[in-house]
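Okay, here's what each chain looks like letter by letter:
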Amino acid sequence: MQLLLFDGFNGLIQGTFYALMALGLSLIITLNSVINFAHGGFMVVGAYLAFTLEPYIGFWAALVVGPVLAGVIGILVERTLVRYMYGRPDPIYSLLMTFGFALIIEDTVRTIWGAQGVPFRIPTALGSPVSTTYFFLTGYRLFVIAAIALAAIALFAFLRMSRFGIRIRAGILDLETVSSLGVNVYLLRTVNFAIGTLLAGFAGVLAAGILQLAPTMGDDVIMATFVAVVVGGIGSLFGSVLGGLLIGLAAGVTTAYYPAASDVVIYIIMAVVLIVRPRGLLGQEGLFE
Amino acid sequence: MNRRVYINGAVWLLLVTAALWLPLIGGYMALASRVLLYALAAMGLNLLLGFTGCMSFGEAAYFGLGGYGTGLYLTYIGHSMVVSVIAGTLLGGVAAFIFGPLVMRRRGIYFAMITVAIGQIFYFIAERWNSLTGGEDGLSGFSRQPLHFGFVTVPLDATAFYYFVLFFFAIGTGIIAVLLHSPLGHTFVAIRENRRRAQFLGIHVERYVWASFAIAGFIASLAGALNALQNNFISPINLYWVESGNLVIMAVLGGMRSFWGPLVGAIIFVGIQDYVSSYFPNNWETFIGGLFIVAVLFFPNGILGLARRRGRRAAAVPQPSESGEPQVREAT
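Protein sequences, first through last, are from chains V and F.
Going by the numbering used here, the first residue of the first sequence is number 1, and it counts up by one from there.
Going by the numbering used here, the first residue of the second sequence is number 1, and it counts up by one from there.
Hints are not guaranteed to be accurate.
Derived list of chain V stretches under chain F, where covered just means 3 residues or more per stretch with a C-beta under 8 Å from a C-beta of chain F [unchecked claim]: (1) 225-236; (2) 257-268; (3) 273-284.
In short, the hints are calculated from the structure, not lab data.
Think of the CB as a built atom: it goes at the ideal place given N, C-alpha and C, for glycine as much as any other residue.
Work out the full structure: start from the sequences and follow the hints.
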């Protein structure tokens with residue numbers, strides 16, 4: 001029982017990471033119409049930048065600056081490469097381009113920071129165990145869940161309440177109409193891409209405190225993120241959160257009972273969802289077919 | 001028609017005589033074998049990607065399964081080279097046939113995602129089933145055996161193995177070529193061009209997608225079986241989604257709509273991989289990634305697609321077009 005609680009809680013934490021990644025990816029897929037394979041790369045970049053800055057500016061500032069820099073890189077990439085993909089109806093081109101970009105990111109990170117994993121220092125206040133009654137739990141893990149929940153709430157508030165956020169949501173539904181109403185959709189798409197990569201960077205910095213930093217850490221996360229988006233339903237942001245939490249929990253619970261299958265279970269869930277309910281749990285029908 | 005005969009003749013002449021001219025330009029036979037077997041896998045994939053219009057991103061599953069079939073046969077069962085290739089082809093091909101019904105209804109990004117999901121399932125099985133597959137370290141307890149022709153025994157050194165691969169390459173591409181000129185192949189293209197219209201014409205689109213998926217899987221696993229023999233080694237990496245991406249880029253780079261496109265793509269991809277990795281052993285991925293981006297930005301129709309359009313435009317210049325309107329160039 002204790003093991004189940006421990007693994008289940010770990011799974012929940014992993015699920016919140018997937019949910020945050022999936023939120024950013026979902027924004028990019030729907031408004032930018034880009035299947036962003038480099039999303040895991042942006043996560044890694046954000047994490048490593050925070051790692052480099054942390055000795056100089058401290059953990060809390062790095063937690064903000066790392067993701068923001070990832071967002072800035074997102075803007076550069078969108079302006080120089082991704083925007084050429086907007087006119088291509090076949091999603092395979094954007095997929096291949098970002099796939100290539102993911103390879104370049106991984107290689108660059110390896111060249112700069114080395115192939116070996118490096119540990120990321122977190123404040124001692126957060127590193128100490130909070131409770132050992134039911135299972136071992138550090139304050140950092142609770143902090144991660146709170147931080148991700150806060151980020152998700154902030155994003156939803158931004159999309160519901162700010163003028164720009166409402167335009168993004170409108171653009172997801174019908175970009176042409178939004179454009180004809182006089183909104184600069186190029187700016188909209190650029191900012192949207194930057195928000196997505198910023199969220200990825202934020203997830204990366206938080207993950208760095210739990211896992212070790214490694215150049216390849218984006219590889220498995222990106223696939224899990226895609227699974228979360230597809231399970232939740234492409235086109236639905238709530239679906240992405242739900243999908244992320246669901247697959248994280250499923251992986252955690254499977255670890256408790258049958259560890260060997262913990263990696264594979266999320267793909268089985270996705271296959272089942274795609275067969276039974278192809279549009280995903282909360283997705284719109286017919287999007288991106 | 002004549003032009004096609006010349007091109008095919010030239011391609012086969014170059015392939016058959018590779019042992020003579022390749023060393024002169026600094027290549028070596030093991031590299032040529034690798035080009036051929038990746039080209040075969042990419043041509044199989046292209047049947048699905050370029051001719052049926054289904055975005056498969058999980059072809060490495062069948063490529064890798066073919067390798068495991070061959071490796072496991074040679075490790076645990078027997079020593080016959082030909083049987084080992086058949087065993088690999090059957091393992092991967094049958095898997096593709098079985099999983100076909102799961103993917104055939106999906107389209108676009110969903111097709112890509114479900115093919116990836118199936119591939120990842122195989123990847124994690126191979127990685128975790130230590131006792132059978134050697135787990136993460138891969139399966140390495142087998143090696144190429146000499147070929148017996150009854151009266152003569154041929155040891156498979158690099159050159160002989162190249163011709164061994166070429167033999168299967170010829171079978172595989174022969175099947176694809178016959179298929180593309182058959183009603184079945186025309187149906188594939190019809191589905192690519194207009195799925196809904198094909199459906200209205202009474203074509204069971206899903207069944208044909210299944211057929212295309214299964215045939216692509218058989219050919220990819222044949223290539224994977226040869227890959228295992230080429231390296232005397234097979235590891236889960238061959239099943240990973242990154243490998244699927246490599247196969248897709250070979251098809252796109254060479255030209256998805258051309259028969260020989262994936263071969264051109266494989267020559268460039270494997271060539272760059274080999275050349276760059278010997279000079280920049282740690283950074284060759286950047287070159288491959290850059291190649292992806294350049295290919296997508298500047299050669300979306302592939303190199304052969306580009307060449308063909310050039311040729312067509314040059315041929316069209318002397319005759320003024322009937323309507324007098326300038327030809328609209330494809331927006332890039």
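Could you tell me which of the hints above the structure violates, numbers in ascending order?
Violated hints: none; all satisfied.
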